[in-house]
Amino acid sequence: MTSMAEPLRRVPAAYWGLTLLLVLTLMLALGYGYRQLQERSEAPLFRVVVNGEALILDGETHAALGQELSVLSGQLDLHLRDEMQPWLDARLDTAFAPLEAAIPEYLDWHFSLRGSYLRLAVALGGDLDEWLEAQLNERLLERSNIAAALEELEADFGARLIEVQQRVVGEIGSTLQTRYAPRQAAARNEDELPTIDLDLALEGMLQGRWDEARWGAAGAGGVVGFAAGRALTQRLVAGTAMQGSRALMARIAPRLGMHAARSVGTGAATTAATAPSGPMALLAGTAATAVALAGFAGTEYALLKAEESRYRDDMHAELELELTRARAEVRQALEAAASDWTQSLERSLQQGIHDAEEAAQVPTQYRILGSR
Amino acid sequence: MAKRLSARWRQVLGRHGPVICVASFMGLWALLGPGVAATLLLPAWVIAAQLIFVGSFEAARLRRRAWLGQYLDSASPWHRWLRGGLLMALWHQGLAILLALLLLVKLRLLPPVYWPVLLLSLVTLVLVQQLLRRQLQRHVIDEYVAALVRRLLVWPAGTLLALLLVLTALWLPQPYLVGLGWEEAVIRHTSTTAGGGLLGAFERFGQALELTQYWAMQNALERHGLGQGLAVFGWFLLLLSQSAFAWAVVRLTVGADALRDTLGHLRNAERKDAP
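Those sequence lines, one after another, are chains A and B. The numbers in the numbering used here rise by one with no breaks, and the one at position 10 of the first sequence is 10. The numbers in the numbering used here rise by one with no breaks, and the one at position 17 of the second sequence is 17.
By construction, these hints were calculated from the structure, which means they are not laboratory data. For every residue, glycine included, the Cβ atom is placed at its ideal position computed from N, Cα and C. It is possible that part of the hints are untrue.
Said to hold, decoys possible - One-sided excerpt, in silico: chain A residues whose CB lies under 7 Å from chain B:
#1 Leu18
#2 Leu21
#3 Gly33
#4 Trp87
As the list claims (entries may be wrong) - Stretch-level coverage of chain B by chain A, calculated; a stretch enters the list once three of its residues show a Cβ under 8 Å from a Cβ in chain A:
#5 28 to 36
#6 94 to 101
#7 155 to 162
Said to hold, decoys possible - Derived Cβ-Cβ restraints for the label pairs, each shown as a range:
#8 Gln332/A to Gly33/B: 28 to 38 Å
#9 Leu40/B to Thr25/A: 14 to 24 Å
#10 Glu183/B to Asp89/A: 24 to 34 Å
#11 Arg83/B to Gln36/A: 56 to 66 Å
#12 Gly17/A to Asn268/B: 22 to 32 Å
#13 Glu183/B to Val71/A: 42 to 52 Å
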């Protein structure tokens with residue numbers, strides 16, 4: 001047809017082929033170049049030993065692992081609390097159960113005829129608080145054997161804490177391993193890679209702090225001992241005795257004072273009336289006082305008994321409340337010790353990772369915990 | 001009535017088929033997901049490059065023919081030797097492939113705001129083409145009308161589109177890069193959604209180029225100390241990239257038109273050969 005269409009008629013297929021060929025060549029060349037470039041500019045590789053397996057990670061993945069590790073170790077405290085709390089509650093229940101069971105027995109004694117008279121006698125004669133403390137200690141604490149139970153709890157708590165800690169740390173390791181094993185990079189010369197032994201850091205964190213853990217448990221134990229010993233009795237006395245029997249005593253005291261005053265007064269009046277008569281007057285006064293006291297012993301005992309039986313339930317409740325409070329305190333002390341310990345573990349983990357990376361000469365921008 | 005309407009539609013479609021094809025090709029390519037686009041890169045590249053090539057090769061041959069006709073004796077065999085063969089084809093192929101790549105990458109990165117501009121300029125292109133054809137029909141040899149219209153079309157249409165694109169680029173909000181180092185700006189604002197393949201790499205490169213241009217312009221404007229060189233560089237990059245894109249779009253459209261003509265010629269020739 002036309003002279004222009006003439007060459008074009010023959011060429012299109014050839015030109016399409018030429019374009020395809022050129023584009024293919026270009027794509028292959030560029031793709032190869034791109035891959036080369038990618039390999040060359042790729043972030044350095046690291047070998048991270050975690051959960052017994054050596055993972056080969058590139059810089060970005062390593063940084064991601066580091067972030068995840070610090071998040072996980074930041075939650076260590078939380079995990080531990082979750083694990084420890086039910087156990088601790090159960091153990092505290094068993095430790096305090098005999099004590100609670102001993103309360104009615106103590107109260108029986110407290111309001112028995114003998115107990116009441118003794119108390120009355122002590123209240124009249126000496127330091128009621130101290131005596132009550134001793135009674136509580138002997139009849140409530142020693143009989144329920146709370147001190148031994150708490151000591152055992154404290155020892156078990158330390159052991160259990162270490163055990164749970166080991167398990168949680170092991171879980172962190174296996175989590176990281178399962179999450180990052182599929183994200184490994186291919187490496188040709190594995191031996192030359194900087195190696196970061198996270199296992200070592202995690203183990204070192206536990207082992208290095210073994211003593212500290214004992215110390216921490218001992219610290220908690222100190223509190224436990226304190227709570228189980230004299231402090232608890234004092235509190236029991238301060239609480240219950242103050243609120244219950246001591247309030248009674250406080251109510252008794254004015255009456256006692258009144259009676260004493262009356263009796264002394266009677267005695268004094270007799271003394272005054274018979275003043276000139278010498279030693280006879282003194283005798284008469286003393287006799288009057290004694291009579292007054294005897295009268296008191298009769299009426300006041302009935303009063304005391306009635307009031308005490310009115311207060312028995314309250315006293316029971318207060319004793320229990322005080323025990324609950326003591327229990328909460330023991331628990332708090334143990335938890336605080338555990339939390340302290342966990343925090344020091346976290347610090348030591350960070351230090352361990354830092355040391356491992358330092359040893360592997362990891363460049364600062366790829367470090368797990370940033371440039372510190 | 002309906003028949004006439006459909007006939008009219010067919011006529012419009014037949015006349016503007018290439019433009020519609022090109023527009024839908026570009027739109028489809030821009031809409032594809034990263035994975036599909038990466039797998040379809042080769043055919044899309046080949047098609048775009050071939051379309052651009054057809055248009056520019058036709059123009060180059062026309063130019064060469066005019067030049068040869070000016071000086072050579074009409075009986076000389078040099079007409080055949082010099083009319084443009086493998087070397088010319090290779091040169092235009094290379095150019096077309098690069099332009100097609102630029103077009104494809106730029107289309108992938110194009111914000112939706114640009115599409116009205118693109119479509120508007122394509123419509124303008126069609127209108128100008130019709131106008132030119134009507135004007136030239138009376139004065140130009142029939143055989144060359146279509147080719148000459150295409151040749152004359154490239155510059156005004158390309159300039160218009162480039163201008164619109166530059167204005168749109170300046171009007172659009174830019175990432176704030178003042179005070180950032182170049183490397184930081186590029187790293188912070190390059191997206192990683194493009195995927196890891198070759199197309200993804202091209203897209204990231206395109207993004208980096210765009211960011212470089214914004215960075216240079218913003219920082220040159222803000223920091224007087226940094227100097228005019230940076231501003232010039234930024235503007236140069238902006239004008240270059242947008243006009244290259246505009247040129248590629250226009251070339252693609254024109255090439256599709258040329259291909260349609262070529263195919264029509266071939267069909268005519270076959271029909272003529274057949275009886």
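- request: Check each numbered hint from earlier against the structure, then list the numbers of those it violates in ascending order.
  value: 2, 3, 4, 5, 7, 8, 10, 11 and 13
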